[in-house]
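Asks: Using the sequences and the accompanying hints, generate a full structural model.
Here the protein sequences come in this chain order: A and B. The numbering of the first sequence is the numbering used here, which starts it at 1 and goes up by one. The numbering of the second sequence is the numbering used here, which starts it at 1 and goes up by one.
Think of the hints as simulated: they come from the structure by calculation, not from any bench. Treat the hints with caution; some may be incorrect.
[Claimed, not checked] Pairs of lysine to aspartate or glutamate residues, derived as DMTMM-like cross-links and limited to a Cα-Cα distance of at most 25 Å, are as follows:
1. 149(B) - 76(B)
2. 63(B) - 96(B)
3. 219(B) - 17(B)
4. 65(B) - 84(B)
5. 93(B) - 17(A)
6. 158(B) - 14(A)
7. 149(B) - 17(A)
8. 65(B) - 96(B)
9. 149(B) - 96(B)
10. 63(B) - 84(B)
11. 93(B) - 76(B)
12. 219(B) - 25(B)
13. 158(B) - 17(A)
14. 93(B) - 14(A)
15. 41(B) - 25(B)
16. 158(B) - 94(B)
17. 149(B) - 14(A)
Remember, predicted model here, so these are calculated numbers, not experimental data.
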Amino acid sequence: MSERKLRPEDDGRDFADAAWSIPSYLLSGIILYGGAGWLLSRWTGVVAFTPIGLILGVVLAIYLVYRKYGS
Amino acid sequence: MSTLTVLAAGTSGADGDVFTPPGLELFNIPPIIPGVPWFTKPVLLALLSTLIVVVFCWSAFAKPKLVPRGVQNVAEYGYMFVRDQVARPFLGKDTDRWMGLLLSIFLMVWVWNLMGVFPLVQFPVASHIAFPVVLAGSIYILKIYLGIKHQGPIGYFKNMMFPPGLPKAIYVLLAPIEFLSNLIIAPFTHAVRLFANMFAGHIILAFFSLVGFWFLFEKLTPLGAPLGVVGVAMTIAMTGFEMFIQFLQAFLFAMLAAMYIGNSLHAEH
Chain A
1 MSERKLRPED
11 DGRDFADAAW
21 SIPSYLLSGI
31 ILYGGAGWLL
41 SRWTGVVAFT
51 PIGLILGVVL
61 AIYLVYRKYG
71 S
Chain B
1 MSTLTVLAAG
11 TSGADGDVFT
21 PPGLELFNIP
31 PIIPGVPWFT
41 KPVLLALLST
51 LIVVVFCWSA
61 FAKPKLVPRG
71 VQNVAEYGYM
81 FVRDQVARPF
91 LGKDTDRWMG
101 LLLSIFLMVW
111 VWNLMGVFPL
121 VQFPVASHIA
131 FPVVLAGSIY
141 ILKIYLGIKH
151 QGPIGYFKNM
161 MFPPGLPKAI
171 YVLLAPIEFL
181 SNLIIAPFTH
191 AVRLFANMFA
201 GHIILAFFSL
211 VGFWFLFEKL
221 TPLGAPLGVV
231 GVAMTIAMTG
241 FEMFIQFLQA
251 FLFAMLAAMY
261 IGNSLHAEH
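Replies: So this is what it looks like as structure tokens:
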């Protein structure tokens, strides 16, 4: 992220890239870790794994988006 | 507008005394020729759209003049729009190589969508999900092919799943998100975005035109008539709005295609 050189057309590309990728990342995080949590809940019978997984997924996705696009 | 209302009432069963809003039966279309199950109205419209786009581009660009006139003039506006708004932001110096594909996609999807409001035709091709799925699937295959060709089979997946600049330990958790997002969610939303917009738009238009037809012609009552007028007015307003959405979705579909191609040609930063 640090030592890339900025060309004029990069501005639009970065913005659109972020705008269209962020929802996709958030959704992926929720589906992946929420799904894993749900499976764990079914397997162990501990209901709490589902919300834990969902929240973990959102947090990880937001972190990923922040590190990729937030500078 | 009368053709619209008549058609809408004709295709969605407004029988009995109760107003039934149009539903999925709008999209359940019998084959045009009995015994040829694949040849339905959307297939015919898709073929027709191909023909329209080919003839349009042919007549515009087959014998280009230095000073454009007529069709070439119109087509050059379209070309410049796709080049400057769709392709350049994502492809940079590779723009010209991909203009053929991107212009075709844009015009194709736009004509598909316009079929939704074209008088007497009035069926958006992309409201049958198979059409956008095939188009988005082709782009998806192209995206992976280009990525592997330009970044190498390992490099492509490495660049995609392991963006630089993150703490090592966290990759275990983030790489699956990247994988799911880039290889499964992205192509899925690419197709569904176009499909859902056209699907919903068609239902909205059919609903309002049926309201107008039902309360003004089928069951004209003093209380119902104003509602019918509202229905007709909303049909007109929504047709205008729908034409805007149709253009927007064609633009977005082509833009996302350009974005996927661009990201495969050059690794993300």
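Asks: Of the numbered hints stated earlier in the document, which are not met by this structure?
Replies: Result: hint 1 breaks, nothing else.
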